[in-house]
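There are 2 protein chains.
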Amino acid sequence: MPVFSKNFKLGLLGGGQLGRMMLQAAIDLDIHVKALDPDPNAPCAKIAPEFVCGSFLDFDTVYAFGQDCEVITIEIENVNLDALKKLQSEGKKVFPQPEVLELIQDKRIQKQFYRDHQLPTADFVLTDNADAVAANVDFLPAFNKLGRGGYDGKGVQRISSAEDVHLAFTEPSLLEKAVDFAKEIAVIVARNEQGECKTFPTVECVFHPVHNLVEYLFAPADVSEEISEKAKAIAIETAEKLGIVGLLAVELFLTKDGEVLINEVAPRTHNSGHHTIRANHTSQFEQHLRAVLGLPLGDTTAHSTAAMVNLLGEDGYSGDAQYEGMSDVLSVAGVYPFLYGKTTTKPFRKMGHVTVVENDLAKLKEKVDFVKNTLKVIA
Amino acid sequence: MPVFSKNFKLGLLGGGQLGRMMLQAAIDLDIHVKALDPDPNAPCAKIAPEFVCGSFLDFDTVYAFGQDCEVITIEIENVNLDALKKLQSEGKKVFPQPEVLELIQDKRIQKQFYRDHQLPTADFVLTDNADAVAANVDFLPAFNKLGRGGYDGKGVQRISSAEDVHLAFTEPSLLEKAVDFAKEIAVIVARNEQGECKTFPTVECVFHPVHNLVEYLFAPADVSEEISEKAKAIAIETAEKLGIVGLLAVELFLTKDGEVLINEVAPRTHNSGHHTIRANHTSQFEQHLRAVLGLPLGDTTAHSTAAMVNLLGEDGYSGDAQYEGMSDVLSVAGVYPFLYGKTTTKPFRKMGHVTVVENDLAKLKEKVDFVKNTLKVIA
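Here the protein sequences line up with chains U and W, keeping their order. Per full-length UniProt numbering, the first sequence starts with residue 1, numbered consecutively. Per full-length UniProt numbering, the second sequence starts with residue 1, numbered consecutively.
Looking at chain U on its own, in the form it has when it is part of the complex (with noise of 0.2 Å):
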């Protein structure tokens, strides 16, 4: 059935803030999207043109949510994936394929696919037990990671000496040596089934000084072409080792010696990929639209410099959600928020984020910082 007609339908298990902005941009080209999600307050609940209340790691519900469906994609990577095999078996198109869900979601697989298929990324060994990570103290300071589980900084564990041992994780995990980085770099890769990829250009995570927390994200890099080059190129490399069909983040590491090492990948757009929305010709979102309905590519190209900052729950406030400082930072030109949608707030929770386009970089930093100190979200 083709894309552009009457009953054609693409499902989405997940209906965060990622499928929320990818419903947006699938409104331009009129794609019938069909959200599965267990929250039924959840960001896409309401303005999604089909919503399904329901579990996607359950195998029945996936597997019955996909029969009506064209395409089956995803905004979250921690989904059934038997159920997803199962769809694609009877012919269905599922992208990213689940094939690619399961190397990914255990970081073991993951870090042992670049080994075995000389991608660049920093040495490690697997550590079936806590035992082992002790057995390997020569590697220290280290990060434990646990092969599967982790999410948003949880199951990483640094392992700075000896004396960090007792931390181990006693699941099956790997053992990463700590890389002394110059700065975090990333790229976001679309791949389409007829093999197109393109990349977005190469974002940087810009540290706060003292507290060295990322404090917000950068749009372009601000390396040389040649680095920027090169991490675009270890991004297209991944995708099309992994034969991904659908957007690839790759977070990579610029070291202090000028080396590209791959952090890690997400199989799905990305909190790094957000400021495309307003300065890029394609966002990410139609771009994964596009990737996976097997269409051309969009134009990557920025037309702006822009940063992103991600708009957190305040710390200490729970409940109905409420926004200060939107007017006064709506009044700065450039400034474009993006709520998410989630009535409750907790500490820390991602309630939205916002884009800053302007192409005059002390400006750019002044009013990052102005968002910064004036948005927040309470209750």
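What the hints contain is simulated information worked out from the structure, not anything from laboratory work. What you were told as hints is all true, and nothing was included just to trick you.
The list makes no distinction among identical chains, and a pair is therefore deemed to hold if it is satisfied within one copy or across any two copies.
Listed below are the simulated DSS-like cross-link pairs for lysine-lysine, each with C-alpha atoms no more than 27 Å apart in a straight line:
#1 LYS34 x LYS9
#2 LYS346 x LYS9
#3 LYS34 x LYS85
#4 LYS376 x LYS9
#5 LYS346 x LYS6
#6 LYS34 x LYS350
Got chain U; can you put chain W on it based on the hints?
Frame of chain U, contents of chain W only:
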């Protein structure tokens, strides 16, 4: 009730394509929009957070619809004004204001307003019936325009000479001197409750050199800085004299003598601003929301040169819409189709539009031609 709170609701009269693009913009700011349209398959029906099927011309329907809304706005001006006035008198915010809609709905009152307020417009006489038209043959060539009920070219009749007088409308109308114009240009201006006023860059309707029909819209207009500024000043003056809150699309004639004259205005988002979604930092849809919600207006600067082509139902086809050539046009950099989600096509029905973003003018024209020759809505 603050705009960015859980129970805030924006009522939208009309659920067509203009409403659809407004809904997309509303998602960014998480504005809960409730739309009203008589067509259960209207472009907004599936994606509005709340959709009410009913007539926006019916007093009771509109009055009941507005009860739980904090602000009520429109995407079509032909709505029940008595209901809006009653809602306004009971404390609801109705933007644009019903009095402004009333003035604009009647072309006779609209023209008289320009004259009374020294706003430049083509000379005219009010004609109560066909006899009055006949009595003004010295005014020809002219356009006879119906006071009320005209839409999309209907209700307008060219009266070139005395021989055409039998074509004159019998209802109250006006006779407007035909303007020997060099170009048709347009400016969209936004005004919020606080009186802040911002224009988008002046755009131009490009006519086909042979067929003398509007071929595409081009932004920015190919006119001098002086003319562009004059057009924007007229737009702002008109918005301020009307006291409108919301968007005002001002269509203007640029005469061969360099005069800029108001042709007509629309108190809402407009076809001449669709390209702003992809070519300007703030789109007309977001700007409309900011204006009617009392928020600071966004930066209207264009980051790219653009053209907009309407996508009309192909002559000779009626029924379930099919889109021929989508993959071909999507393969061209900078070509962005917007489909309005109308399931049924008929000859010349507005089914979508295509924005072409391209800073090289020769290439822009080439891409426009390619789109026009390639993309077809058939059944």
